[in-house]
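A.B. asks: Quick note, the sequences are listed as chains V and A, same order. Each position in the first sequence, counted from 1, maps to that position plus 2 in my numbering. Each position in the second sequence, counted from 1, maps to that position plus 5 in my numbering.
Since the hints were derived computationally from the structure, they do not count as laboratory data. Each hint should be verified, as a subset may be incorrect.
The calculated lysine to any residue pairs, modelled on SDA-like cross-linking and capped at a C-alpha distance of 25 Å, are [unchecked claim]:
1. A/Lys-112 to V/Gln-190
2. V/Lys-135 to V/Tyr-96
3. A/Lys-178 to V/Ser-195
4. A/Lys-133 to V/Ala-200
5. A/Lys-112 to V/Arg-284
6. A/Lys-112 to V/Lys-135
7. A/Lys-112 to V/Ile-209
8. V/Lys-121 to A/Ser-66
9. A/Lys-112 to V/Gly-210
10. A/Lys-178 to V/Gln-190
11. A/Lys-112 to V/Ala-183
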Amino acid sequence: MTDQTAAAPRAVKAERHATLRRLLGTPTGAVASLVVAAFVIAALAAPLVAPYDPNAIDPINRMQGPSAAHWLGTDQLGRDLLSRIVFGTRTALYIALTGTGAALGVGMAMGMIAGLGGKILDSALVLLNDSIKSLPLVLFALALVTIYGASVPALIVIIAISMAPGYFRVVRNQVLVLNNADFIVAAQSMGASRLRLAATHMLPNLIGPILVLIAMDIPAVIGIESGLSFLGQGIQPPQSSWGNMLSEGYTYVRQAPHIAIAAGLPIVLSTIAFTFLGETLRDALDPRRAVRT
Amino acid sequence: MSAPVLALDNVSIRYPSAPAAAVRNVSFEVGTGETLGIVGESGSGKSTLAAAMMGLLPRGSCVTGSLRFEGRDLFGQMTERDLRQLRGRDIATIAQDPFTALNPVMKIGRQLDIFQHWYHDRPRAERKARILEMLEQVRLSDPDVRMQQYPHQLSGGILQRVSIAAALLAEPKLLIADEPTTALDATTEAQILGIMAEAKETLRGATVFITHDMSVVERLCDRIAVLYAGELVETGTVAEVLGNPQHPYTKALLECDPARIEEPTSELPTIGGTVPALDDRPAGCIFEPRCPSAVARCRAEAPLRHDLGPRRSAACHLVTP
């Protein structure tokens, strides 16, 4: 009997790390986490990781292929491509995180209000979000950039507006389901206020789907940023961004194809890694799955 | 008896956009220390009454008559804010299905702590001590471990014990248990009923026990209210009603209780027909279409409540006081 009671707390403690284990336990999950971690480290410690100043021009060594001195070669101004990619990672992740964060905040607030508020409020917010969703993203973004000028804050606002409806939809639907859940009614019958219901009982039930959506959205945001920068409407040179590097490389693709390849590589790699991370996260976070494995 | 904890007087409840009232002219009282069993088939208005007792009817529901908790009318005199302050402190509930009544992403200990939100001025250690005490009272093994677990890791019996503990934590003056054993298997049901019986002893207030099982009423309750299609057909003490049922519906229900059948039979008796639909109520007595002893008068005229003694009544033409 004493053995049993001693073993039980250990089992509980192990359960706490089960989600992490399930995430890293699958090959795709482990590789995706590793790649994402590498990008995050590159972004955080860019000055330490980058071998050169990303903006240092060296006309003598311009358009050089990969070598021991420049692992990924140099661009048309002789700037080190690896260093520019590392600093571009910083730009990409900064915009991805702030853009998704802003979208999450706005979308979640609207979703909660729609789900918990009255019918008219709900219909109005659904209409608003569906209208935004129906806009063609690239044209919408280009229009905004034309009006307000290309800058990092403008980019973040564009991303927040275009991504918020996704969070709105998930949060609203989840809240509508939870509204009729027995445990919400039970909490209500124990005297919980609406604010308490939303904050302590609903919010924890929203975290799973939202985390997955964030991981799935980050590659999309990276795509938007790169796309707009490629079109010259996002990050402005000389600040390095994967998109404007790709655009510059495209100009010289006949003379020095390695520039475009080097710039495209991180876009492809990060998009795949974040998508797979999102998918494994979705599987790992399902609390009911925990019992079976 | 002192002033009743809960007193219903001619209560009718109609849901928004429903063709007719789900509960009609129901009156009964529950006093301090008493346990009232509300019995009826599905659709007899039991759960509607339970929701009404907590003031948790859907918005737009129409309530007539008075439903008084400690003398205050829940629907006339109290604002939503007043009602909310009753719930979880003066009135607590035990849900029907323990599997869905607890938040799936929150540990048991944290949920029980949240259920004490009316007592948040108490120090954390004291709240935890109360939780442990309650979990021991509902005879949960390893309460420390259980508090660190999530609902999906526990069985229905354990979850229902947790729900009971949650309700007891509130130290309610009125405890409402809405079919707390329906979702459980027979063995667990017996255990839970045992725990309920013990819990009742420690509770100073009144208990309302909603069930369709006569043997549960017999075991746990002092008084009984039999509902049929939203109407109160008979009420009294358990001994009186079960020993000497007056209304034909009560008699029929008791005849159908397998525990009361003495001779072994291959076929269990049933009550023929079904409960009338909300929009298709008979003009006379509501039970007349299924009643074995119906007479012409039953078809034409709805019976009034006949008092058969102190707090004992039946609604039937054939009853002679």
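A.B. asks: Of all the hints numbered above, which does this structure not satisfy? Sort the numbers upward.
C.D. replies: 6
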